[in-house]
Amino acid sequence: LSRRKVCDGQSDCSDGSDEDTRFCSRYTCRPTEYRCLSGGCIPYIERCDRKI
Numbered sequence: 503l504s505r506r507k508v509c510d511g512q513s514d515c516s517d518g519s520d521e522d523t524r525f526c527s528r529y530t531c532r533p534t535e536y537r538c539l540s541g542g543c544i545p546y547i548e549r550c551d552r553k554i
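FYI, in my numbering the residues of the sequence shown are 503 to 554.
Just so you know, not all the hints are guaranteed correct.
[Said to hold, decoys possible] Below, simulated EDC-like cross-link-like pairs (lysine to aspartate or glutamate); rule was C-alpha separation at most 16 Å, straight line:
(1) 507 / 520
(2) 553 / 521
(3) 507 / 522
(4) 507 / 521
(5) 507 / 517
(6) 553 / 510
Calculated from the structure, these hints are not laboratory results.
Build the full structure now, drawing on both the sequences and the hints.
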């Protein structure tokens with residue numbers, strides 16, 4: 503599963519483990535990434551680009 507699909511607010515695993523709040527609360531973004539309110543990480547350059 504791609505890093506971009508983990509903690510992005512949409513369950514991609516059949517058991518929902520990629521959106522587990524216990525995991526997402528500890529999930530750390532890379533220095534080149536921006537942490538969204540959902541807990542997911544996107545490339546820093548894509549922040550505030552009005553795309554979801």
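Results for each hint:
| no. | hint | in the structure |
| --- | --- | --- |
| 1 | 507 / 520 | holds (8 Å) |
| 2 | 553 / 521 | violated (20 Å) |
| 3 | 507 / 522 | holds (12 Å) |
| 4 | 507 / 521 | holds (9 Å) |
| 5 | 507 / 517 | holds (14 Å) |
| 6 | 553 / 510 | holds (13 Å) |
Violation of the numbered hints given earlier is confined to hint 2; every other hint is satisfied by the structure.
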